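Build the complex from these two chains, which are given one at a time in their own frames, with help from the hints.
Here is how the chains run, residue by residue.
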Amino acid sequence: MKVTRRHFLALAASAATVAAAVPIFDEANAFPIPPATFQTSPLVQQSTEKIVHGACAPNCWSGCKLLVHVRDGKLVATERGPLPDSRYDRICLRGLTHVERVYHPDRLKYPMKRVGPRGEGKWERISWDEAINTIASKFTEIKEKYGSSAVAFLPQSGYYGYLNGCYGSILRFANLFGGTFGEGALDSAMPLGMLQVLGGPSSRQGNEAADLVNARLIILWGSNITESNLQNWHFVADALDDGAKLVTVDPRYTIAASKSDLWVPVRPGSDAALALSMMNVIIEESLHDAAFVLNRTVGPFLVRGDTQLFLREKDVKENGSNKYMVWDGSANAAVPFDASGSSALTGSYTVAGIQCKTAFQLLWDSAKQYSPENAAKITDVKPETIRLLAREYANRKPATIYWGFGVDRYYHGELTGRAIATLAALTGNIGKPGATPWGGFGGATFISSPLNLFQTGAWLYPTKSRASQLNNLVVFDAIEKGEPHPIKAAYMANSNYLTTFPNRNKIVNELFPKLEYIVVADFSMTDTAEQADMVLPTTTWFESDDIVPTMHPHVLLQQRAIEPLYECKSDLAIFSLLAAKLGFGEYFNQQPEDYIRLILDSQKLRDMGVTYETLKRDGAFRAIPAPYIPFADGKFNTPSGRIEFYNESLGEKMPVFLPPIEAWPDSPLAKKYPLVCSQGRKKFGVQSQYFNIQWLREIDSFPFVDMNPSDAKSRGIADGDVVEVFNDRGSVRLKARLSNGLRPGMINISKGWARKQMIAGTLQELIFDYKNPDNMNCAFFDTMVEVKKV
Amino acid sequence: MAMAKRYGMVIDLGRCVGCQTCAVQCKLENNVPLGLAWNRVLTMGGSHLDTPKGTYPALSMYHVPLACQQCENPACVKVCPVGATFQRPDGIVLVDWDLCIGCRYCIAACPYGARVFNWGDPKHIPDFPVGSPDVPTRPRGVVEKCTFCVHRVDKGLEPACVASCPARARFFGDLNDPESQVSKLIMEKGGYQLLPEIGTDPRVYYLPARRKGYT
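Chains A and B, in that order, are what the protein sequence lines are. So in the numbering used here, the last spot in the first sequence is 818, and the numbers never skip. So in the numbering used here, the last spot in the second sequence is 217, and the numbers never skip.
Chain B extracted, bound-state conformation (with noise of 0.2 Å):
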């Protein structure tokens, strides 16, 4: 029999250039309200965007785009009271908007900052829902976070980040697969995951940003 899925995504920060395209399209896709973000790009090196760390010209600078890392093991489910955010048996980590409560022990307890509260009432330019038809409104005072564009992998779709990605450095499939793409790449590529010391398990993944040079 074959083994369930288990979905997973992998960025390759060699090819990331920090457009930000990630985050515009999850803002597009599911309609998210202005002033949050479920995706966001780091930028590691200064300390404001797209800057690098170092002294002039001795410099260094990479990106990293960052939304729920859907971990294997979600620090998220187990500190929800209500059983508001929970695990798909396909490893997806949703939360259901009916059941939160907002108490944010969630965002709490990521320990990646991807989580993000409605504190007022949505705001969206234009007024009407944009994006996917199948992504649920969600009312002030719930928690919000990337849901691996559940609505687009239930037909079959890639998410709306890896789709959209102009570096094509995204990509998504399932990691219980040794053949998956995704799979391959982690193996061949030196895929790792962010904090794996905490034991959270993410099923995103990360290639590295390195350069060769001249030497």
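Just chain A, same shape as in the assembly (with noise of 0.2 Å):
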């Protein structure tokens, strides 16, 4: 494109038509032209700054350490910090609007309980003594008639810290009450179903995101990684820089396909369906890595016709071994597989009377469903595009998946994992360099754990009482019919229920009046807050000390860079004050410097040399092995040692398609609803944090829903136009904008507004919310609605 003035000019007008949006100053003021002359003094005459460690740890995971800048005892910049490794130091611009964000207008300053009904916005300001003996006594007399687990701790991902977040107090608090703890059923199908084929020790796993530099084809697939996991971008770029390929998967265009040498537009939830059509061309061409596949996977393991269960030695002689049976070349029968020198991976055979395949034989079978002709049906990816695809990831190696959570918002999301993880390992591209099917994932937060760095066991469980550890949708399960049992009160830090999770209108007109009382703590009036009985005024994360976990190699420390404002408080010191007046005060009356010894006070990091006092010098540490590179061994954490893309304990033995149960073109409800409901992440954005952040609103002002043009024009929608988005759950009124690049038959509506951002209504009331026991996720993109002109 070329580019002219004119498009200077236009652009620049259009800027200025968003700022207008939001009122910024006030008519009145901007004539009459000031006089000619004026002095401007410095900022900062005479003035003490110091700089302090910081960590920037919302849900993006990219958790950047932050260079504090303190001036006359106001916070007044955060800036890009240094990492012991700096390839992974970096900053972005929500880490930038930190200090808007401490002194906010809107910041909740004092406890305040409703004096109304509930979400009328009536409050009355008072003091902390009595917000601490209402909820005392409120929980206790709840306690009393429903037992401990009756109230529920619900945090989300608000902030990681250890002390402060979403694992921190709350759960160390929540184990010593005896409550409920919610966690998880969200970005969990993936995980799932990639831990269902590789093993554990995490279900969160992948090369460190520093290793992207080494792959030759990397395939963004469902991941939104320029918005939403901005800073992992540079190694992509350097990757590119350095003669690799990108290759994005995605049904929107989002910035990353735009930078890619191929964009796959594939049809929203026939991601395993891809998948499986590229295995089909991989193993039809033999492209696949037959020795790895032989040696580090189930292939060549025979599998019983009849149980559908791997044929054991015990099966076929007596008294035999429970080892895994391969059909060995040589002798022409079947033996343990780690007494075969020349195993089959293909064929069908018949030992002792049962009828067996390989797994491998099956899975090709199984591929053989997935024809490019017969996936171009479902996936709506032309056949060509989908054997070039097939043919670069097996060819052009090492190479790396990075996949998003766009694929594992469906009610089978975990079976797409389960594909995912599969290609890697028919293709061998897993466990060296380049090669992972899990690009950007490995990180401290969900490595340190099985690694045993910290004492999160003295931390979090000082005694042996423990919470009721509950998924998120069986919580609600709970306050709805009381099973598995009562839940009658809520305690929410770090989260914001209504805008994260699916069916608001349920959440809010059935389950909350089940909840006998409800405390939100937090820094800002959320849409959950304005539901509570009670709020409390948090901290935030600068104004008390911590320590934090990030999905890149490092720990952070959190150092309090200024003192608490108005009358907030950290989660920390709020269950300090709950846990004395509730009777177990002696596990929570020390300082969090004390805390952080404690969690820093493992063997593990006395053999790196890792202290506090280190800490503070350095701000951060490398936590995980350089370079971090899971599976390089070639062993898998699996009942077989192997990678189980056949696995025997599941009821889908291998991975398959199964289509979304309502975003699919011929599901019941696509007649009335026919377009699918995508909530991708925006940059502006962390979930729903940052949603008034006027730097961020200046760029990205009100909420829209994107429709390609042809499916607003059938409607009779035009750009700008406000609409009504709805189902029979629920309905949201915004404006639409119209995109090219939105597919037909979707829209897109950026999850994290706020209810009173939005015309009326929101989008979480439309959103699907069945549970599937199988992976218990929330399928946000399986949903379908309608939109029409208002």
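What the hints contain is simulated information worked out from the structure, not anything from laboratory work. What you are looking at is a predicted structure, and each value in this text was computed from that prediction instead of being measured. Please note that the accuracy of each hint is not assured.
Under the rule of at most 30 Å between Cα atoms (straight-line distance), these lysine-lysine pairs were calculated in the DSS-like manner [stated by the list, open to error]:
no., chain 1, residue 1, chain 2, residue 2
1, A, K410, B, K55
2, A, K405, B, K214
3, A, K817, B, K55
4, A, K710, B, K125
5, B, K191, A, K425
6, B, K55, A, K405
7, A, K816, A, K405
8, B, K214, A, K410
9, A, K710, B, K55
10, B, K55, A, K741
Here you go:
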């Protein structure tokens, strides 16, 4: 595109229009032009500035190291900070808005209790004494009436600090109280699928992000990396500068797609079929890594036709072992896998009267249904594109698949995880530099626990008392039906359930009324806080000490940069007050520093020379081995010790494609509600955080629904029209934005806007909340809607 | 004798993903009031932010961060009636806010739309100055724009947007030194200027956004 001056002027004008949508200065002040002479003054005459270590730790998982600048006792800047491994030094637009966030006029400043009906917005300022006394007596009352697990502690991923984050003092408190602790149900189908094929120890492990530079091919699969995982993009860009190829699989034309050598515009929810078709091409064209499949996967293991279980030695030999059997080509007989020098990878065999096939043969048979021509009908991807993608993935090695949670958000999300892990197994693209099916996921958050890096046991479980740890979807059931036990009160912190969980109307109208008491601790008035009986003002991340694990290899120190503002308290401070009132104050009577020392008091860290003192000096340390390449030893923590693309313990033994149950062309709802409703993330927020930050709202001012112009035209909708997006569950009113980047037949509304930013309704009331017992994960995109002009 | 320095910037549009970090960093570093932007990121594609041109699925898009182009031959300097807009010996174009009378001729003259005007009393959240202590406050009625972060450059630091770019897409250095990173990038990767035909000779260069693709 040739850039002309008209471009800059037109775009400058449109930027001005956007700014005008948010009143920033009043017109009365705009004129007259001020006098011709005046004095400017230097910003700071005599000031003292100190710089402390900080961490940016919301649920983008990037965990950027910050330097926090404090001038005259006020936080004045956050700056990209240095890490021991400088490749991970970065910051993004969100991490640069903390000064506005900390001092935002809408911050909660003191405890408040509800004085009107729930959700009406009438509040009365109260003292901390009254707040703590009220909560303690409510919780005690509910505990006596229904048992301690009737009080649920519901954090989400608002902050990752070990003291004040989602698995911090709230879990310690929940354990001591014997309450319920809600977790999961988000981002968990894909990790489960990967785990079912690859084994642990963590359900979230891939090569560390810096390893992306070693890949010759990177497939961004349902990953909106350039917005929601922005901090890893520079590694991809390095790989591209070094000659690697980039593929993006996404129904939306994302910025990542615009950077790619190949964009695969797949039908929403059909990713597993695409992966299976790639397997079809790879096997049919013998592009698979036969040695890897033979030695590192269950490929050669014989599977019984009658039971679908692996054939064991004991099945065919009296007093035989439990060893898996293979077909030995030289012996022309079934032998234990470790006794064979020439295991067959393919074929059908009869062993002691039992019909068997190799697991690889079964995979091949299964993949045969997914020829590129057949898969094209499912995925709407051209057969030649599928062939190109398959050949590239098998031949341009090492290859990394960097999937994102776009593919996780369907009812059968874990099957896509299994399919992608199986692709890596077929081609040997795992456990090597540049080769992983899990790009960008090698981080301290999930690896430090299996490495026993921290004394989290002593910190989180100080006594034998345990919370009832439940999947959030089970928590909802417990509130609704009293099973497995009643839940009658909720304490929410670092969480905003109403903006981040599906079927909001059900939560507000059916679940919350069953709760006798709701406490929300936050630093802004979120949609969830609006529905609380009591709101507690918390500190921001920079007002209390903490240690913070990240999704890169480092763990960071968060130093208290400024004193708590207003009457705000950290989660730890609030739980200390509550614990004292509830009679277990002796477990909450130490200073943050003492608890940090407790968490750091492990043999591993002593061996690494990491202490609180070194952390205060460096602000961070590398927590996991360098380079972090899981599975490099070829060992897999599965029952067989191999990659189990055939998993005998599951209902679906092999990856298959099962269509989304709602968001599919022939689903029962599709006639009435023909548009798939996706909610991609934007760089202008993280989950529901940053929604009120003016520096971001100047660029991204208001919520809108993105539609393809063809879908808009057929509904009489013009760019900028106010529309209603609706289905049987609910509706939301907002502006329509026509974008050619949206696939016809789908819409997108970015996640995270607050109720009051919509014209009416909310996004999450549209969303599907059926539970798949196989993955217990929220399937946000498995939702159909219709749009009409209002 | 070594040549005097002529500072320039290179922005690699192949690496730039339009993330707006430079835009927000600029607001923080320079305590830019609400409603004004010295640094914007344009979408070259559809008519909205981050949307492509074309018809699905034949689409294209790239991003162009745009601030003062720090022209060698700046139109804004020529039209300023009071000498408030001036060029330093190292080439950096600045506004002397004590001299600016708010006539906005420079805004009309700038071919890049890079200058903004303080129509009202500057508003900020928070209401105290943030960012660098070395950047002067600006009252209402003056024209503002990117300074190449002279307060940092004069201390030997690169501009804040270069330091914080998460895509590592921005580079800063001496265009008079053929061995500098910026000079080499321009030579080796085909650096180009915006609107080269109008003779402003910007010292902000862009590297092409294109990808080769599969053919």
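We went through each hint and held it up to the structure:
1. Of the pairs offered as hints, the one joining K410 of chain A and K55 of chain B holds, with about 22 Å between alpha carbons and a cut-off of 30 Å not exceeded.
2. At most 30 Å may separate the alpha-carbon atoms for a hinted pair to count; K405 of chain A and K214 of chain B meet this at roughly 29 Å.
3. For the hint pairing K817 of chain A with K55 of chain B, the CA-to-CA distance comes to about 24 Å; that is within 30 Å, so the pair holds.
4. With a C-alpha separation of about 26 Å, the suggested pairing of K710 of chain A with K125 of chain B holds against the 30 Å cut-off.
5. A distance of roughly 26 Å separates the Cα atoms of K191 of chain B and K425 of chain A; the hinted pair therefore holds under the 30 Å criterion.
6. Proximity of K55 of chain B to K405 of chain A is assessed by CA-CA distance (about 27 Å); at most 30 Å being required, the pair is judged to hold.
7. The hinted pair formed by K816 of chain A and K405 of chain A meets the criterion: a straight-line CA distance of about 29 Å does not exceed 30 Å.
8. Only pairs whose Cα atoms come within 30 Å are accepted, and K214 of chain B paired with K410 of chain A is accepted, the gap being roughly 20 Å.
9. Restraint check: the Cα-Cα separation between K710 of chain A and K55 of chain B comes to about 20 Å, which is no more than 30 Å; the hinted pair holds.
10. A distance of roughly 17 Å separates the Cα atoms of K55 of chain B and K741 of chain A; the hinted pair therefore holds under the 30 Å criterion.
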